[in-house]
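Let's have the full structure, built from the sequences with the hints guiding it.
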Amino acid sequence: MRALTQIRLLWWRKMLETIRQPVWVIGGLTTPLLYLLLFAPLLDRLAGSPAFPRGEILDVFLPGLLALLAFSSGMGAGWGVIAELQTGVVERLRVTPTSRFALLLGGVLRDVVVFLLPAVVVVAVAVPFGYHAHVAGLAGYLALLCLVTAATSAWSSALGLILRDIGGLAAVVTGLQLPLTLLSGVLLPLSLAPGWLRVLAHVDPLYYAVQASRALSDGVVDADRVGLGVLVTVVLTVAMLAWATRCYRRVAA
Amino acid sequence: MADVIEVHELRKSFPGVEAVRGLDLRVAAGELFGLLGPNGAGKTTTLRMLTTLLPIDAGRAVVAGADVARDPRAVRRRIGYVGQVGGADLPATGRENLLLQARLYGASRADAARRAEELVEALALGAFANRPASTYSGGQRRRLEIALGLTHRPTVLFLDEPTTGLDPQNRANLWEQLRALRAGGTTIVLTTHYLEEADALADRLAIVDTGRVVAEGSPRELKTQIAGDTVTLRPRGDAEPVRALLAPQPFVREARLHGDALRLTVPDGTDALPRLLDVLTGAGVELASLALVEPTLDDVFLRVTGRALRDAEAAGASADGAARAGVAA
Chain A
16 MRALTQIRLL
26 WWRKMLETIR
36 QPVWVIGGLT
46 TPLLYLLLFA
56 PLLDRLAGSP
66 AFPRGEILDV
76 FLPGLLALLA
86 FSSGMGAGWG
96 VIAELQTGVV
106 ERLRVTPTSR
116 FALLLGGVLR
126 DVVVFLLPAV
136 VVVAVAVPFG
146 YHAHVAGLAG
156 YLALLCLVTA
166 ATSAWSSALG
176 LILRDIGGLA
186 AVVTGLQLPL
196 TLLSGVLLPL
206 SLAPGWLRVL
216 AHVDPLYYAV
226 QASRALSDGV
236 VDADRVGLGV
246 LVTVVLTVAM
256 LAWATRCYRR
266 VAA
Chain B
261 MADVIEVHEL
271 RKSFPGVEAV
281 RGLDLRVAAG
291 ELFGLLGPNG
301 AGKTTTLRML
311 TTLLPIDAGR
321 AVVAGADVAR
331 DPRAVRRRIG
341 YVGQVGGADL
351 PATGRENLLL
361 QARLYGASRA
371 DAARRAEELV
381 EALALGAFAN
391 RPASTYSGGQ
401 RRRLEIALGL
411 THRPTVLFLD
421 EPTTGLDPQN
431 RANLWEQLRA
441 LRAGGTTIVL
451 TTHYLEEADA
461 LADRLAIVDT
471 GRVVAEGSPR
481 ELKTQIAGDT
491 VTLRPRGDAE
501 PVRALLAPQP
511 FVREARLHGD
521 ALRLTVPDGT
531 DALPRLLDVL
541 TGAGVELASL
551 ALVEPTLDDV
561 FLRVTGRALR
571 DAEAAGASAD
581 GAARAGVAA
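Chains A and B supply the protein sequences, listed in that same order. For the first sequence, the positions run 16 to 268 when my numbering is used. For the second sequence, the positions run 261 to 589 when my numbering is used.
Read the hints as simulated data drawn from the structure, not as lab findings. Accuracy of the hints is not assured; some may be wrong.
Here chain B is said to cover these stretches of chain A; the calculated rule only asks that three of the stretch's residues, wherever they fall, bring their Cβ under 8 Å from a Cβ of chain B [said to hold, decoys possible]:
#1 27-39
#2 109-116
Reference listing, derived: stretches of chain B covered by chain A, where coverage requires no fewer than 3 residues with Cβ under 8 Å from a Cβ of chain A [stated by the list, open to error]:
#3 350-358
#4 363-374
Just so it is clear, CB atoms sit at the ideal spot from N, CA and C, and this is done for glycine as well.
In structure tokens:
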């Protein structure tokens with residue numbers, strides 16, 4: 016119970032910080048909406064192609080777009096952690112009897128909310144444009160994508176704690192962002208890709224979450240996409256949370 | 261009084277730097293204790309170990325009755341810590357900072373609100389407590405950070421270079437606040453590289469150099485026992501025979517020539533002066549000038565380390581940088 020209170024208090028601390036900088040809230044919404052309005056129409060001509068065999072562009076595109084949003088919502092966490100290392104906040108909190116997991120989770124859960132709220136808005140906007148929401152499937156893949164945000168946020172936080180330097184963090188995170196995004200097939204499904212690219216995609220953990228999300232969006236629950244996607248994402252989330260908690264325990268200054 | 265802090269043979273190394281090498285320390289309950297030394301001497305590393313922020317390589321530290329290595333949680337509940345860079349959450353208001361801190365120590369919502377109010381009062385934060393901490397001046401922020409360190413009424417308050425970067429007025433205010441806290445029974449341990457601060461504030465202090473305590477005592481004890489007073493005299497005529505005359509006297513610890521001046525180190529200047537004048541009159545020496553200078557902690561530092569604190573500062577800077585780098589991943 017004590018740990019839950021700490022998590023709630025630290026989550027609310029980060030939420031207040033976010034709410035007070037409305038630019039971030041708006042920023043979270045504009046990117047997916049711009050993709051929806053300015054990129055999705057490009058795909059209309061592709062209806063009936065191998066990427067969209069049933070011609071339902073948004074049904075394939077939206078889960079990928081939300082996966083991209085989930086990934087990018089967690090990525091910034093490290094920057095915040097470095098700022099709080101520099102102002103001594105991390106150190107001050109580490110001297111209190113607060114659990115290290117709670118210190119991590121405050122920021123991680125904030126990122127999950129910052130993903131989820133715009134995601135729901137984007138879904139609501141997409142429905143009139145022809146997105147066929149399978150309600151249970153939608154809830155399922157949003158939950159899965161919350162884990163993607165949590166894992167990404169923990170990953171970025173851990174890197175921030177280790178590298179302690181904005182330049183180094185930016186080099187690692189943005190260096191990995193593009194290949195991870197492209198290989199996961201968020202914007203266009205990898206069914207369009209040549210064989211070698213499809214094989215390469217299997218090293219990208221985000222790929223499995225995207226595959227699972229597309230299946231769930233269609234209301235399909237299968238082992239090779241949904242089962243595998245959930246498994247990979249859950250394992251990755253647990254691993255990243257454990258690693259980042261360990262970094263909070265050990266950070267030197 | 262009982263010891264609140266007992267440190268025995270404490271050690272800490274970072275890759276390439278042995279930051280703390282066998283440090284011993286005792287701090288009694290209710291003391292205002294200073295760790296004085298140049299940057300890179302190991303003060304901050306020591307404080308980080310005592311406050312559970314850094315794992316201890318070797319040795320033993322007991323703080324407020326709990327072993328730091330074995331029971332860091334108990335230590336955390338009993339200590340407050342104000343770090344070098346501060347620790348105020350800048351986007352939040354001062355009051356939000358205090359409320360969160362109190363709740364993290366387990367206070368109920370009502371108790372936290374009451375305690376925050378007390379601290380706002382005690383550290384005079386009222387005028388700006390509801391503004392984001394990012395808008396505070398240096399002195400205001402320091403006061404908030406000290407309030408954060410005091411939230412749970414700790415047995416021991418650790419402060420790492422608390423007055424660095426403050427203007428003289430704010431520094432004087434902070435000294436007053438620390439003295440008031442000590443008067444209220446809180447044990448205070450602070451690090452500083454300002455001699456005048458250690459001298460003015462500390463009941464007792466330890467001089468730390470290259471990871472060890474090289475001298476420990478009250479500022480007065482250190483000055484009289486280690487450095488001694490300095491008598492500078494300028495005889496009319498040749499100074500060397502005067503040096504030869506005075507050097508063997510029982511009240512003179514050391515006699516050195518500096519140009520035409522003779523500098524004597526004496527354990528107690530007020531006692532030595534009349535005896536000195538007797539000897540000089542007896543030998544028919546006339547003086548052009550005579551001055552008695554009380555020692556400073558810089559003299560103490562010079563004597564125990566062989567160099568002036570300011571020179572040590574320059575040499576220590578690189579070791580300090582190394583001590584600050586990296587996570588032990």
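Structure-based check of each hint:
1. 27-39: holds (count 5)
2. 109-116: holds (count 5)
3. 350-358: holds (count 4)
4. 363-374: With 4 residues closer than 8 Å to chain A, the region 363-374 of chain B meets the three-residue bar; holds.
Violation of the numbered hints given earlier is absent; every hint is satisfied by the structure.
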